[in-house]
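There are 2 protein chains.
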Amino acid sequence: MQKRKKVVVIGGGTGSFTVLSGLKKYKNLDLTSIVSMADDGGSTGVLRDEYGVLPPGDIRQCLVALSEADYVTRDLFGFRFSSGSLRGHNFGNIFISALEKMTGDFNVSLRSISKVLKVRGRVLPVTFDNVHLVAELKNGKKLLGQSAIADCRSFCYEIKKIYFNKIAKANPEALLAIQDADLIVVGPGSFYSSLAPNFLVRGISEAVIKARAKKIFICNLMNQFGQTDNFTVSDFVTAMENFILSGVFHHVLYNTKLPPRSLLKKYSDEGYPVLSPFDLATDKRYYRLIGVNLISDSVPKIVKGDPIKRTLIRHDPDKLAKAIVSLLK
Amino acid sequence: MQKRKKVVVIGGGTGSFTVLSGLKKYKNLDLTSIVSMADDGGSTGVLRDEYGVLPPGDIRQCLVALSEADYVTRDLFGFRFSSGSLRGHNFGNIFISALEKMTGDFNVSLRSISKVLKVRGRVLPVTFDNVHLVAELKNGKKLLGQSAIADCRSFCYEIKKIYFNKIAKANPEALLAIQDADLIVVGPGSFYSSLAPNFLVRGISEAVIKARAKKIFICNLMNQFGQTDNFTVSDFVTAMENFILSGVFHHVLYNTKLPPRSLLKKYSDEGYPVLSPFDLATDKRYYRLIGVNLISDSVPKIVKGDPIKRTLIRHDPDKLAKAIVSLLK
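So the sequence lines, in the order shown, correspond to chains A and B.
The numbering of the first sequence is the numbering used here, which starts it at 1 and goes up by one.
The numbering of the second sequence is the numbering used here, which starts it at 330 and goes up by one.
Don't read these hints as lab results, they were simulated from the structure.
Lysine-lysine pairs mimicking PhoX-like chemistry, simulated, CA-CA at most 20 Å apart:
{"#": "1", "chain 1": "B", "residue 1": "489", "chain 2": "B", "residue 2": "470"}
{"#": "2", "chain 1": "A", "residue 1": "118", "chain 2": "B", "residue 2": "447"}
{"#": "3", "chain 1": "B", "residue 1": "444", "chain 2": "A", "residue 2": "118"}
{"#": "4", "chain 1": "A", "residue 1": "257", "chain 2": "A", "residue 2": "322"}
{"#": "5", "chain 1": "A", "residue 1": "118", "chain 2": "A", "residue 2": "24"}
{"#": "6", "chain 1": "A", "residue 1": "214", "chain 2": "A", "residue 2": "322"}
{"#": "7", "chain 1": "A", "residue 1": "115", "chain 2": "B", "residue 2": "444"}
{"#": "8", "chain 1": "A", "residue 1": "115", "chain 2": "B", "residue 2": "447"}
{"#": "9", "chain 1": "B", "residue 1": "334", "chain 2": "B", "residue 2": "658"}
If we strip away everything but chain A, and leave its shape as in the complex, we get (with noise of 0.2 Å):
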C-alpha cells in the first residue's frame, strides 16, 4: 500500500479555508494545516480583549474547512449573531473561546472541538503565545495589531518591519509536521494577516527551510491596498521569502484568469488583481511559475452582521487543490 503523502498548509483565515477544503477531497492526503494566531479584529478581536484568550478566528475556520460533521453543524461554526447583544460574535469562535476559559488550555480545547468537528487531518496554531502583531512604517509610525494595519489604507502603504510585541515560541507540533511532510503549501492569504505572522513564530521558518519536502507558494489573487500595492507575482514570492529564506519555493502557483469584470468594479476601493507574471520571463529565480486559471466562478455570500470586511474574489477549491495534487507526483 502506498505510504498517504502528508500535506501541511502554513497560512490562516479564508485562504487556507480554500485550500484545505479542496486538499480535503483527496483521501489519500494527510493533512495538517498551520495557523496564523495574529488576528485581533471583528469578533475575535472582541473574544481576545475581553477574555484574554487566543484568537480563535482562523483556527475555526481550518477546522470547518477539514471538518467531516454533518452540514449543519458545520454551518453553525461559521454562523454570526446579526443583532442583539451578540452581534457580530461568529459561534465557532464563541464556542473555541469558552472552551478555553473553561478548561484552561487552547491544546485540550482544540481536541475537544476537533471531536465534534470530525476533523480529518490537524489544525495546528503556529503558537500559543498570546501575542500581537507590530508594524513600523517607513515613516517612523507604529501600528499596533493586525486589524490595524489590515485596516490601515493610503497612510501605511509602506511597511517597513513588522514583528510581535513579544517572543512567540512554535507549537512543537507545528515544527514536526513540517519537518515531516512531503509538501509544504504556504498562501494564500492576507499578506500580513495570514501569511508573515506564521514566520515571525522562532523556529517555523529555520523549520521550513530545513524541512526535506517540496515547498510551494500560492500567489493570491488580488493586492490589498496599503499592503501589496501593484504587487507582482514576483514581488509576492520575494516579499515571502523575504521572511523566510530566497530561494526557499520549488513552485510558484499564480492565477491567469481575471475575476469578473463586475466583481472588480464593485471592489475597487479593496484592491487590484495581482498584476499578470509576465515580468517575470527574465527574471533569475529558482522556482517553477506555474500559471493556471485558479479563479472561483461562484460569488460567495455576504455574512449579515460581520464585522470585517472580505474580498469576495476567490480562489476554487477544487482548481486549486487539483494544482497542488498535482505537484506530488
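Mind docking chain B on chain A? Use the hints.
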C-alpha cells in the same frame, strides 16, 4: 431478551437533570425527557428577548443529563461567561439558540445538538409554541413571565391561576411518548417554573391521564417562598394533581432526611424543607407514599456569573434513580 422499559420524565431544569442523570446509569431503560418551555429568566430570557428563540435553558440541562459525550463537552454546555459582553450567558444556551436562528427550526437544532452531545434517549420540548406564563394573584394583580413569578416573594404568595399568554399545542412526539410509557415520572422541580407549565400545554394532562403507565410524583425537598409556602407532601401532590386529575399518581416519592443545618440556615431566605408527611397518615389518598433518604450529601458548586440564584439543596441522582427503578419491578 427483556424489552427495555420506557420511562418518561416530565419537568425541566435542575430537577429533571438530577432524575435523568441518575436514570441514565440504568442501561436497560429507554429514557424520554419532556421539558417545560416556560423559562424566560437569566441567559434564556435574554436570548428569547433578543432573538425570539424558544427557551434553551431547560432543554440544555436535560440534554447534558443524557449526554454520553466526553466530560469536556458536557461541562462546556454548562459553562457560563462571568464577565465581558457575554456575561451571564450560558454556552449551551447560545449553542441551541444559534442553531435555531440558523436553521429556523428548533427540532432540527435539537437533533443536531443531540448528536454533538451523544444523547442517549430523547429530549422533547413539551411544545414548540413560543409562549409566556401569566400568573393571576388573589389580589387581582397579574404577573407576566416565568421569571417574574419565580422572583416574586411575599407580595404574591397566593397565586390564584396560572396560564399561558396564548395557546400552546403539545409536541406530537411528547404525546406519543406519554402514550407508550411504562413509567411516567413528574418532578421534582420548581412548581410554577418547571412542573405546572407542562400541564398547561394542550393535550398533555389528558395524555398522562389516559396513559397505561405507572405514574409517580417526586416531591420537592424544599418549599419556595411565594410559591409553595409551608407545603406538606400532600399539599404538593394536591397542587400537582389540580393540573392533571385528582388521583392520577400511583406513587409519591418524598425525602425523609433533613438537609444539613448549615445549608438550611444559609438558604433560609429561599425557603424551608417540605414538611414531613405525618399529616398524611389519616388522609384519604389513592397513591402509595414512599419515604426514602433522597438527599444529596455533596454541595453543588456555585457558578460564577449565573444571573439566577439556584437552590443548593438537591436530590441525590443515584438515590432517586434507585427509588424510581424499584417501582418498575
